[in-house]
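> Next come the chains, spelled out residue by residue.
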Amino acid sequence: MRPDLPLLQAESLSREFDLPGGGIFARKRRLEAVSEVSFSIGRQEVLGLVGESGSGKTTIGRMVMRLLPPTRGRILFDGVDLTALSGRALRAQRRRFQMVFQDPYASLNPRMRVREIVEEPLVVHGIEPDSSSRRDRVARLLERVGLSSRDMERLPREFSGGGRQRIGIARAIACGPELLVADEPIASLDLSMGAQIINLFSSLVDTDAMSLLFISHDIPMVRYLSDRVAVLYRGRIVESGPTRDVLDDPRHPYTRLLAEGTLPEAGEAAPSNAGSEPGPTGLCAFLPRCDRALPECRLAPPPRLSEGEVREVLCHLPRGESSWSPVTLLSQGSPSDVPATPSR
Amino acid sequence: MGKEALLRVENLTLSLKTREGEIVPVREVSFSLSKGEAVGLVGESGSGKTLTGLSLLGLFPPGSRIAGGSIFFDGEDLLALPEGRLRTIRGQKVSMVFQEPQSALNPVLTVETQIREIYQSHTPLSGEEISRRILEGLRAAGLPDPLTVSRSYPHQLSGGMRQRVMIAMALALDPLLVIADEPTTALDPTVALQILALLARIRQRSGQSLLFISHDLSHVRRVSDRVLLMYAGRIVEEAPSARFFSLGPRHPYGRALLASRPEGGILTRKEAPLQAIGGQVPPLWDLPPGCSFAPRCSRADALCTSTLPPWNGGEGERVFCHHPDESPLGAPVHAA
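Protein chains in written order, with the numbering used here: chain A, 1 to 344; chain B, 1 to 336.
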């Protein structure tokens, strides 16, 4: 364990997908779903990842979980480069980061009893090989997530959405992970269940010292739960920083839209993947929807600016302000003559 | 309610055969809707809000039957009408916008073909006139390039654009009532707000009545003049939006719902846990004898668990509760 490092560091993650179509002679069309995304999550910290569908937030969650390899970039977990690991070495790390899925109906095997679902990771990782102590551990896990040890022999279908999500969380925390990745964990739950599940995540972080990557489009919940927030637009982080700072004083026009929840009666934006193919220009992806665009937005890609090394924004707008200065990243590939050292 | 009632639902009760036996997903539901009025029907899944909405179109799921009540719409008793007449009303006077436009639109037909069908089956208009109206309708639904959209297939459009197409279809025949069932749920937050603004703008311009069915209180607040709150098949509160959201709901369930969201005043997890509602909605085949919310209610006493509550108040502002909460809401609820 390296307490001096953030628990998770994502460095310049990119992920491309092949698009259908293209012939023998035609160049394969590729979609860059995630471009040059960097962030970190500290111990016992909640990072909220917000953005609309197609913004790449689920792709990022899957890359962090090592369910999907990045096309470029690295993921350091407790200082270890996960992207370089495979086989046994990767499996040894896997118990340290676990996922809670959006749809508790689809992510639990309907034929398995609650006990089997929750103990499966314990068996896979060889924790508690003794079956009676494993049973005790499952009972404690169920109680930890607000279920009862009497629920052990029940089937998922006997539970409401909220109950199933608790089972999914019990499975995720079974091996005592340090990081949870939760992708829209309350989006498919009933209104009165959402608060119970969010409270459970809070206590896993604040009492059990877990870290959480909370992927959501529910801005009020992100504001409530997250210590820091990263806003994604078309595969890039356009703004990040402490939650309060970012949502109370948004600097990117897109964050402003999300945070204020008010919109000018504008026309519909283009379909969400139309603009995310790597364009020749590299101009700001938000430009077509932006009501505050400057002349330079049409001339040059937006710079990545930072304020006090805690906030970042990918936008021309704050450039003139003295508190904001350019960020240089290792693999940004910008034609800058500043030595390429990571600024964080 | 000075205005003329366009819709009057009285004691509507719907029963449904399920594996667990016969259940009553809609029970003694009464409300009315005036011309030009927007009413929000709020509830969780299983509360009966969608079935209530569908019944206004004369659509009932297989295995269901009307166990009682009546629906008067524009002077006609919908439940007594033959299917042919219902179909006319469904197209011309009442229309519906569904939650998931991708499943409500036909994937193998262009937008134009689908809207044209509506005009062809309900109006004697010429092909040319229909074309003109299709483009006009798409433009009015906030689609800046109606010609391209009309030639597109649903999968070529974004979720927000598809929902705008659905709205254009719902408005094609200038109906008296539009029922929108969770029209913003499948959309991204910024797009959802655009759709809400569109619904409000359309209503202002053409004076339709709107029944807005949603579980999202902040969205209901934005579009509705009046709120109907449902729980376990019953309406449990009716109130003007202004009252419901500023003074607060009088039903403890409505109170608890508002408080369970961070918009209710709690700002971050470091300050306090969210005020979650304990327990869960009772299954419809196993409702408690008294108030359905009693097992989860902080104000419940012996009376609540044994006896159905009375209606407190009159039409337009009433609550189905033994002990309504009359105290004004503590922290101000800001719109999300």
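Because the hints were derived from the structure by calculation, they are not lab data.
Predicted, not measured: the structure shown is a model, and the values here were computed from it.
The beta carbon of each residue, even a glycine, is placed where N, CA and C say it ideally should be.
Be aware that a few hints might be false.
[As the list claims (entries may be wrong)] Just a sample of chain B residues kept apart from chain A, beta carbon distances all over 10 angstroms, derived:
{"no.": "1", "residue": "Glu44"}
{"no.": "2", "residue": "Arg133"}
{"no.": "3", "residue": "Ser206"}
{"no.": "4", "residue": "Thr268"}
{"no.": "5", "residue": "Gly278"}
{"no.": "6", "residue": "Arg296"}
[What the hints assert, rightly or not] Derived SDA-like pairs (lysine to any residue); straight-line CA-CA distance at most 20 angstroms:
{"no.": "7", "chain 1": "B", "residue 1": "Lys270", "chain 2": "A", "residue 2": "Ala209"}
{"no.": "8", "chain 1": "B", "residue 1": "Lys270", "chain 2": "A", "residue 2": "Thr207"}
{"no.": "9", "chain 1": "B", "residue 1": "Lys270", "chain 2": "A", "residue 2": "Leu155"}
{"no.": "10", "chain 1": "B", "residue 1": "Lys270", "chain 2": "A", "residue 2": "Gly42"}
{"no.": "11", "chain 1": "B", "residue 1": "Lys270", "chain 2": "A", "residue 2": "Ile24"}
{"no.": "12", "chain 1": "B", "residue 1": "Lys270", "chain 2": "A", "residue 2": "Glu32"}
{"no.": "13", "chain 1": "B", "residue 1": "Lys270", "chain 2": "A", "residue 2": "Glu45"}
{"no.": "14", "chain 1": "B", "residue 1": "Lys270", "chain 2": "A", "residue 2": "Arg88"}
{"no.": "15", "chain 1": "B", "residue 1": "Lys270", "chain 2": "A", "residue 2": "Pro242"}
{"no.": "16", "chain 1": "B", "residue 1": "Lys270", "chain 2": "A", "residue 2": "Arg150"}
{"no.": "17", "chain 1": "B", "residue 1": "Lys93", "chain 2": "B", "residue 2": "Leu173"}
{"no.": "18", "chain 1": "B", "residue 1": "Lys270", "chain 2": "A", "residue 2": "Gln44"}
{"no.": "19", "chain 1": "B", "residue 1": "Lys17", "chain 2": "B", "residue 2": "Pro282"}
{"no.": "20", "chain 1": "B", "residue 1": "Lys35", "chain 2": "B", "residue 2": "Glu10"}
{"no.": "21", "chain 1": "B", "residue 1": "Lys93", "chain 2": "B", "residue 2": "Leu81"}
{"no.": "22", "chain 1": "B", "residue 1": "Lys93", "chain 2": "B", "residue 2": "Gln114"}
{"no.": "23", "chain 1": "B", "residue 1": "Lys270", "chain 2": "A", "residue 2": "Pro220"}
{"no.": "24", "chain 1": "B", "residue 1": "Lys270", "chain 2": "A", "residue 2": "Ala26"}
{"no.": "25", "chain 1": "B", "residue 1": "Lys35", "chain 2": "B", "residue 2": "Pro282"}
[What the hints assert, rightly or not] Quick partial rundown of chain A residues pointing at chain B, CB under 7 angstroms, derived from the structure:
{"no.": "26", "residue": "Val123"}
{"no.": "27", "residue": "Leu191"}
{"no.": "28", "residue": "His217"}
{"no.": "29", "residue": "Tyr224"}
> All hints are to be evaluated individually against the structure, with a verdict given for each.
How the hints compare with the structure:
1. Glu44: Contrary to the label, B/Glu44 does not stay out of reach of chain A, its closest Cβ about 4 angstroms off (not over 10 angstroms).
2. Arg133: holds (20 angstroms)
3. Ser206: With a cut-off of 10 angstroms, B/Ser206 remains clear of chain A, as the shortest Cβ separation is near 16 angstroms.
4. Thr268: Nearest chain A Cβ is 6 angstroms from B/Thr268, so the label is violated.
5. Gly278: violated (8 angstroms)
6. Arg296: violated (8 angstroms)
7. B/Lys270 with A/Ala209: holds (14 angstroms)
8. B/Lys270 with A/Thr207: holds (12 angstroms)
9. B/Lys270 with A/Leu155: Given that 20 angstroms is the threshold and the Cα spacing comes to 35 angstroms, the pair is violated.
10. B/Lys270 with A/Gly42: Within the cut-off at roughly 16 angstroms; holds.
11. B/Lys270 with A/Ile24: violated (58 angstroms)
12. B/Lys270 with A/Glu32: Distance of about 37 angstroms is beyond 20 angstroms: violated.
13. B/Lys270 with A/Glu45: It holds: about 12 angstroms lies between the C-alpha atoms, which stays within 20 angstroms.
14. B/Lys270 with A/Arg88: Violated, at about 39 angstroms.
15. B/Lys270 with A/Pro242: Distance ~14 angstroms between B/Lys270 and A/Pro242 Cα, so the pair holds.
16. B/Lys270 with A/Arg150: Answer violated: B/Lys270 to A/Arg150 is near 32 angstroms, above 20 angstroms.
17. B/Lys93 with B/Leu173: Satisfied, since the Cα-Cα distance of roughly 8 angstroms is no more than 20 angstroms.
18. B/Lys270 with A/Gln44: holds (13 angstroms)
19. B/Lys17 with B/Pro282: Given that 20 angstroms is the threshold and the Cα spacing comes to 18 angstroms, the pair holds.
20. B/Lys35 with B/Glu10: holds (18 angstroms)
21. B/Lys93 with B/Leu81: holds (14 angstroms)
22. B/Lys93 with B/Gln114: holds (18 angstroms)
23. B/Lys270 with A/Pro220: holds (15 angstroms)
24. B/Lys270 with A/Ala26: violated (55 angstroms)
25. B/Lys35 with B/Pro282: Roughly 35 angstroms separates the two Cα atoms, so the pair is violated.
26. Val123: Cβ of A/Val123 sits 30 angstroms from chain B, so the hint is violated.
27. Leu191: The hint holds - A/Leu191 has a Cβ within 7 angstroms of chain B, the shortest such distance being about 5 angstroms.
28. His217: Status holds, d = 5 angstroms.
29. Tyr224: holds (4 angstroms)
In summary, the numbered hints that this structure violates are 1, 4, 5, 6, 9, 11, 12, 14, 16, 24, 25 and 26.
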